[in-house]
Amino acid sequence: MINKKNNLSETELKKFADFVREKSGLMINENRHSDLEKAVYFTASKYDSPNLENLISLLNNPPSNNEVLQTFIEQLTIGETSFMRNQPHVEALEKHILPEIIERNTREKEIRIWSAGCSTGEEPYTLAILLKRIIKPFDKWDVKILGTDINTQALKKAQAGIYGEWSFRNVTADFRVDHFNQSGGLFQILPEYRRMVEFAYLNLISYDYKPVINGANYFDLILCKNVFLYFSEDNSRKVIKNFYDLLKDPGWLMMGPSETSQNLFEDYHTYNFPDAIVYQKNSRDDENEFRLIIDKPNNSTTMSTNLSTSNSEILFLEGKEFDDNLDEKNSLFQPSILQPQLPISDLSNSTKTEENWAALIKEVEEDEENHIAAYRLAKTFANQNELNLATAWIQKTIDRNSLFAPAYYLNSLILDEQGDLDRSLAAIRRCLFLDPKFLMGYYKMAELFKKTGEEKRYLKTLLVLEKELAQLEKGIEIPESEGLTTNDLLTYIKNQKELLI
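According to UniProt numbering, the sequence shown holds residues 1 to 501 in order.
Worth flagging that the hints you see were computed from the coordinates, not collected in a lab. Computed from a predicted structure; not experimentally measured. One thing to keep in mind: the hints can contain errors.
Derived SDA-like pairs (lysine to any residue); straight-line CA-CA distance at most 20 Å [as the list claims (entries may be wrong)]:
hint, residue 1, residue 2
1, Lys-494, Leu-463
2, Lys-450, Ser-232
3, Lys-15, Gln-75
4, Lys-460, Leu-499
5, Lys-23, Glu-53
6, Lys-109, Ile-135
7, Lys-437, Glu-477
With the hints as constraints, model all of the structure from the sequences given.
The following block contains the structure:
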C-alpha cells in the first residue's frame with residue numbers, strides 16, 4: 001500500500017511531474033515535489049491504490065469523467081482569487097472595455113464572456129456585477145458568462161456562489177450588502193447574478209473546447225489570469241492561438257499582469273490602459289478599431305497599439321556599475337526613508353478637460369519640491385504611450401529627488417520597451433541600489449537577464465527575489481506590480497527554477 005512511510009524517489013516524483021505536465025499542462029518543479037508527493041498519497045489513499053503502477057493505471061484512464069485524475073490534479077491547483085481583484089484591471093473593464101463591447105453589440109443586445117481558469121468563481125461574478133451596473137435597461141439584454149477550470153472542487157464552490165470574508169478583501173461592506181445574501185459569516189451571490197453565469201470543467205491544453213463552448217460561437221471578451229504561470233511556453237502559445245480563434249473580430253483578451261510577453265501576443269493589438277495591458281483581436285486593422293476614452297483630453301487621439309521608439313535622448317544617469325550582489329548592506333541609504341507608500345497612481349483620473357490638464361501640468365511644474373507629483377505625471381504619460389513626455393518627467397522627478405527609486409524603475413521599463421536593454425539594466429540597478437527592498441526591481445532585472453541570455457544571473461536574481469518574498473505575508477499585493485501578489489511571484493519563480501535547475 002502506498003503511504004507516507006515509503007518516500008517516493010526522485011525518479012518516481014519526476015515521473016509523476018511529467019505525467020501532470022502531459023495531462024494538464026501544469027509544470028511541477030522540484031520545489032513543489034513535496035506537494036506532488038502529498039497529492040500522490042492523498043489520491044492513492046482515497047481510491048485504495050495498492051502501488052504506484054495501479055495508481056498510474058487509474059490516472060491513465062480516459063480523461064472524460066476520470067474522477068481519480070481530477071482528484072489528483074485538484075491537489076495541485078489551489079487557486080487564489082477575490083472579488084474586484086486587481087483594481088487597474090477592474091477600472092479598464094468598467095471604464096473602457098465593457099462600454100466598448102456594449103456599444104458594439106447595441107443592435108443584437110447580446111454579450112458573451114469567458115473566464116478561463118475561474119477557480120471559485122469570483123471573477124465571473126465580478127463581471128456579472130459590472131455589466132448589470134453599466135447596462136441600462138439590463139432586462140433587454142442577453143448576457144452569458146462562462147467560467148471554466150480544471151479543478152472540479154473549485155467549480156462546485158463557484159456554482160454554489162457562497163463565500164467567506166476572505167473573498168471580499170478588496171471591496172467595501174456595501175458591495176456585499178448590494179450583491180449578496182448573508183447567512184451567518186457566509187455570503188451567497190444574488191440569483192440575478194447567478195443566472196448570468198455558467199460553469200464547466202475544462203482542461204485548457206486539451207485544445208478541444210467545442211463540447212464546453214457549446215455553440216457560443218465567438219466571445220466578446222476572454223479573461224485568463226495567472227494560469228500561464230503554470231504552463232510551458234509551447235502550451236501557452238497553443239492556448240493563446242485557441243483564444244484568438246474563439247474571439248469575435250474585434251474581441252478582447254485580458255491576461256494576468258505577469259503574462260504580458262509581446263512574443264506570445266504578436267497576433268493581437270496591444271492596448272496600454274493605466275496600469276493594465278489588454279489585447280485585442282482585430283484583423284481589419286483600420287483606424288476606427290477602437291478609440292480609447294482616456295481622461296486626458298485629445299479628441300483626435302487613438303491609443304497606439306505598440307510602444308513607439310523615440311528618437312530623442314532617453315534619460316540615462318552615468319555612474320559606476322553596481323555589483324550584482326544587491327543586498328541591504330550595499331545600499332548607502334535606508335529604503336524606508338526614500339520610498340513613499342506605494343503604489344503611486346497616475347493622474348489619468350485627475351482631470352477631464354484640456355484646460356484643467358494644462359493647469360495641472362503647470363501646477364506640478366511650479367511645485368519644484370514635489371517629486372511625487374512629477375513621478376505621477378511621468379507614470380501617466382508612460383501609460384498613455386507618450387514616452388518623450390514620460391521620460392522628461394522622469395528626469396524632473398530625479399532632479400527633485402535623485403534618491404527616489406521608483407523613477408529609475410519606470411525609466412527601466414520604458415528603455416526596455418524601446419529595446420535599449422543595456423540602459424534599462426543600468427536604470428534598474430540604480431533603482432535597487434537605492435532601495436534593496438523594491439521587489440519589482442528584482443523581477444525586472446531577472447527579466448532583462450533572461451532577455452540577454454545570462455542564465456546564471458537570471459537565476460541568481462530570482463533567488464534573491466524569492467528570499468525577499470519569503471519574508472512577507474502571503475497573498476499581499478506588491479507595490480508597482482499592477483496587481484501581482486507575493487503568491488503570484490513565488491509561483492512564477494518556482495516554475496522558472498524547474499526549467500533552469
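Outcome of the hint check:
1. Lys-494 / Leu-463: The hint holds at about 10 Å.
2. Lys-450 / Ser-232: With Cα atoms ~15 Å apart, Lys-450 and Ser-232 stay inside 20 Å; holds.
3. Lys-15 / Gln-75: Between Lys-15 and Gln-75 the Cα gap is close to 17 Å, so the pair holds against 20 Å.
4. Lys-460 / Leu-499: holds, 14 Å
5. Lys-23 / Glu-53: holds, 17 Å
6. Lys-109 / Ile-135: Judged against 20 Å, a Cα distance of about 10 Å means the pair holds.
7. Lys-437 / Glu-477: holds, 14 Å
Violation of the numbered hints given earlier is absent; every hint is satisfied by the structure.
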